[in-house]
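Peer 1: Two chains, two frames, a set of hints: combine them into the complex.
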Amino acid sequence: MPLYYTEDQAMLAESVTGFMADEGGIKKQLRHWRDTNCKDGFGHGLWKQFAEMGLTGMLAAEADGGLAMGHVEAGIVLAEIGRNLTPSPFLTTSVMGVTALKEASDDLRGRWLPGIIAGETVLAVAIDEGAKHKPEKIACRAEKAGNGFRLTGAKDFVVHGASADAIIVAARTSGSDSDADGVTLFAVPKDAAGIGHNAVRLVDSSIASHVRFDGVELDGSSVIGEVDGGRAMLNKVLSAGRIGAAAEQTGVGGGAFAMTTTYLKTRKQFGKLIGEFQALQHRAAHLYSELEIAEAVVIKAQQLLDGGSERAELMVSVAKAKAARVCNLAVREGVQMHGGVGMTDEYDIGLYMKRERALTEFMGDANYHAERVAQLSGY
Amino acid sequence: MSELEAFRAEIRAWIEANCPAEMRTPVQGEDDICWGGRNFVFKSAAQKQWMEVCAAKGYTVPDWPVAYGGAGMNPAQAKIWREEMARAGARPPLSSFGIWMLGPALLKFGTEEQKVHYLGQVARGEIRWCQGYSEPGSGSDLVSLQTYGEDKGDHWVVNGQKIWTSYADKADWIFCLVRTDKTNTYQGISFLLFDMTTPGVTTKPIKLISGSSPFCETFFDNVVVPKSQIVGQLNRGWDVATYLLGHEREMISGAGGGEQTSTIGKVLTRNGLDDPMLRAELAAFDIDALAFAAMGEKFLDEIKVGKAHPAQPNMMKYAGTELNKRRHELLMAAGGSTALEWESEATRGGAPSRSWLRTKANSIEGGTSEVMLNVVAKRILELPGA
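First to last, the sequence lines map onto chains A and B. Quick note: the first sequence uses the numbering used here, first residue 380, plus one each step. Quick note: the second sequence uses the numbering used here, first residue 3, plus one each step.
Hints were generated in silico from the structure; no laboratory data involved. Heads up, a few of these hints could be off.
Quick partial rundown of chain B residues pointing at chain A, CB under 10 Å, derived from the structure [stated by the list, open to error]:
{"hint": "1", "residue": "GLY267"}
{"hint": "2", "residue": "LYS268"}
{"hint": "3", "residue": "VAL269"}
{"hint": "4", "residue": "LEU292"}
{"hint": "5", "residue": "ALA295"}
{"hint": "6", "residue": "LYS309"}
{"hint": "7", "residue": "VAL378"}
{"hint": "8", "residue": "GLY387"}
Here are the simulated DSSO-like cross-link-like pairs (lysine-lysine), alpha carbons at most 30 Å apart as the crow flies [unchecked claim]:
{"hint": "9", "chain 1": "B", "residue 1": "LYS268", "chain 2": "A", "residue 2": "LYS513"}
{"hint": "10", "chain 1": "B", "residue 1": "LYS327", "chain 2": "B", "residue 2": "LYS206"}
{"hint": "11", "chain 1": "A", "residue 1": "LYS644", "chain 2": "B", "residue 2": "LYS309"}
{"hint": "12", "chain 1": "B", "residue 1": "LYS206", "chain 2": "B", "residue 2": "LYS229"}
{"hint": "13", "chain 1": "B", "residue 1": "LYS380", "chain 2": "A", "residue 2": "LYS651"}
{"hint": "14", "chain 1": "A", "residue 1": "LYS733", "chain 2": "A", "residue 2": "LYS513"}
Here a beta-carbon is modelled for each residue, glycine too, at the ideal position from N, C-alpha and C.
Isolated chain B, as found in the complex (with noise of 0.2 Å):
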């Protein structure tokens, strides 16, 4: 047996050992997944008990080094404990901002104290963390952010307003670019680290168009943050944050559908469809949809080795958004009336609508299409001016 499948039958008999069976069965809602943090409140005892006997192995962040809380896995590893989780049914142990998005920002450019004591915390689900980035001026044009440090010896006192902070009333702490020199754009931004208990921190929920959001608005009055709570240099912030956009917008683009892919006109002609316009519209779709999972699939083969364009990712952003929301749209003219219900048990509270309005902000949040072609255009084609 070689040590690769050494490892895949280890991690199999452990899943199988410790995964309680109320965890392998699909995340049926939001409230289904396990965010971790000081108020969460477990769903159920099974739900704790999987991320307490996952983060005590480093699984919950499986290719993060063991000193920070990670089970040091390397990428043939992590890949087998994905391939071995989806096998056993087997939900996430947790989920979370600072996984995702803190997590790769502090690993590239904290220090080794941040490391330690941030990234333990957040694998263990101890601290639940979201991202400060947008203001109500500051949507497309993020550089131009005005929330602002005051300088003040051992701390900085911070004033202004965030937008579009999702769980901000859940959560823990902070992730937050706000301009600590006025005379610099660019390099006039620091990322810094905050408690959302901190005096003058509130937040306020933003209802949207599909209904209720985790989308906050978040207000800083006379916010006090010490200087240790910095990540990367002074200033230099912008370097950290678009680092992180990356790897959001990757995330959002839904890279890696691979060939698992399956196609939507088989699902909604199953019910007995009978209109030729819109089977050809579906047919029309799952073509553009297998084609761009195939974009996916090459785009991660790509960055395995180290040859995909660093700006592809603003590309599968835009086409992947693109395409989720004529999804929504094929699924709605499918649905017809029912899929009209706002409030029904047929439609599980409008589910449908619901969905279908909010893929509409697929294509605005973290980063607009009409800015990820700008990027593509500039980046990758170096068309003069872009």
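Bound-form chain A, shown alone (with noise of 0.2 Å):
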């Protein structure tokens, strides 16, 4: 498959790429909800927005009124709204949740996928223990009660947490915490009892959770998926919401850098455009080389992972890696370049770099991810 957008792709991007400059931008969402300090991070009216351009139902399949789309398409609209910083619940919701919803039962289906579709329903996806990424290792355990489980333990940086109508989580239902077995995803509704809620704003102004459950009940049909055989849906959720988000960092890089270069063309020092220093141009040439590059394996990776290819795992890794080091140099160069108004709040180019911080982490940062490609490649 070449790796280039096929026409019906190139006519989403269009369609996505007007809808969020006119609809997401930076004033009218992330400032605004910022500045209103504002519960949940995101505006409500923008997600039914995402509903009717059909977007929060596009990788579920059209049996559930889906559009049956895949990674690249997400992609499209997630560089979208990194380029725009529009806060979203997209990429927890319409990509990592609807991808373990996807092959989850009729009920949970049916429970959960008309709202997501409508723009009505936002999830929130719970793997984290501790301050950094490592899935490996889940300590959070359902234990067997009755007809169904009950819940206990704690889960960090679980982003709209708080505001989510269900929180997917994964559990240990059965050996010890590093075991690869005997985990289980569960879909857990958010007035369940026993659910405690610190959210707190992070750096890039979104809002996160750290979720304690104190023996949640939960009935059998809330499981997704097999009991004890949780891995390979989480390993799913894991590889859509790691693709997503480098391809979300794409597009604050790509922000970043527009921002940039317009800067270098407009801004006067010594009597010349900045933009005409060399020490500035071979800095935004090398930068614009590394961007492509990252584009490019970010387009590859979704390929592979819409495939079903083997290559993917490793290919996705590599993305996000490869995207969160480009991107964040992407938003460094930025703030530099933009000298002193770099460093106000008024100027926007600070708030690509405070996203990217967030982004960086969410699902791995990438060391978490150079470690992964020198497992996967056998070394």
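Peer 2: The following block contains the structure:
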């Protein structure tokens, strides 16, 4: 498959680009929700508009009312979310959440998918335990209790956790903390008794929750997939989240870069446009080259994931690590080349730096994925 | 069976029937390459035979028109040819600057007579070409070149010096940038072709930090070049040269590693390397290399449908050569003191260290990394004053 968009994908990109620039812009969304101290950190009105565009259920099966699209298409949306720093539950709900629900029981799909497709339901995903991503170890436990389970433990960095209608939780149903087997995914509704949230605003103004589960009673119907056999499903959710975050990072990096080159063409010092200085030209050209490479490997990994290739897992980690490094370079160069105004809250470039940091941590930073690349490559 | 499938079957059978077994082993070194030319000494009868049977079918240059010695394959057929050659493990029947560089230039800028004459010679492996671009005072600033062709009516008399002329001491003919108008910088250069045995042409090999090299200094002392031996218009040789440089940069960048790119971490740690810091560096390198391979694949896909930015080869050349230098730094680090051996059997005559040193030229030859970044800044980013 050629590494550029098909005609349909190009059309989707065109409409999403226009829509996000008009409706998802920094002033209208990010700054608005931040400055009004919104407890969700994103706008439900925009989420409704996402639904009207058909985006919220794009990964769901047609039989479930979705568009049966893939990660290339989801990545198109995420890149524009990144470019506009649009606060949105799209990644946790429509990409990671739907990836999990897609293969869930009729009961669960019927319970959650219609709301997602209508833009009324938001999902969060609870995987991390502790400050660093390490899903190989899952200590949060769901013990058998009657016909169902009792969930006890803590999860961290649950983005949109306190705003979500349901949280997809990776919990241990058997074995010890670091076992590959014995993991089960649950769809935990927000009103279940025993859930405690400590929701905090992060550096990028998104809201993430430290969630405590104190003996939360769940019936068997909240299980996604197989009891004890959830690792494969968890890996799918992780891959979806990782390549999605990588796509968003290419948008963040691209947005920061566009803003910076514009600044290089307008700011004057020493009687010259600063873009005339070769020291800055070479850094800008290097950054361009890195961004092109990151975009290429992200679409490559998306295609492999959509095609079910055995190389997908490796290339998703390559893409997440590369996108993280490149996006980080883009925002650092962006702030530095903006000079003093780059440090002010008034200018948007600093907001890109904040978002980049949060996205890098989400579902594994560059070092985590470098380690995975080494392991998956056999060294 | 579709037309292309039938074509594939035909090619597969032909390679099977015609490629000698000796030509289906990997190329081990420089002296396994078949360069052709008047003075070329074939390494084996099989090498000669393989070149000749391919030339007779136009397979040395499969995508050139039949009239110019090619097989007239369209892009889809040429791709099948490459795939079937790779499948059979067959060596390229003929390698040359005539195929890679002069060919594309002549196909675009040459007269019909030139195409038939020169391209045919290249395709049959009769004439080996070298490229005369750089001069001692004109490296990155190539357009400042001083080699001068004085107009003498029906011929020019060329005087000057070229440097970094690969295989000048082995080549039969040279394609050469010569100033034909001293009053005009860009539009004062012509693209001339002449025989290296013409009186007044001398060459001197250059020894590099990596040891002996194909590079030469080439001197012109009153060399007579007939007016018919110009490609393109008088004083418009720069257009031909820049067109050609695009091809060269694509080649050096190593675009199109594609899916087969393997990770060096795996290769290097197979020998029981137990160094967590180096392992981390290898993983970081593998990420960059695999990502670059995806870029190369995307670039080739986009070129086919005219989506690639025309200055993109400059970016590829920059990123690819910097990556290759890093690769060899890591190979040296992993090799330790063994890799330092300059003349030993264990290192096949110092192959690791010589290759490592040689890669330092990658980001200099064919346009330095700094010049590539200048081009990206100007033509792609459109930065002011670049």
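Peer 1: Check each numbered hint against the structure and report the violated ones by number, ascending.
Peer 2: Nothing - there is no hint that the structure violates, so all of them hold.
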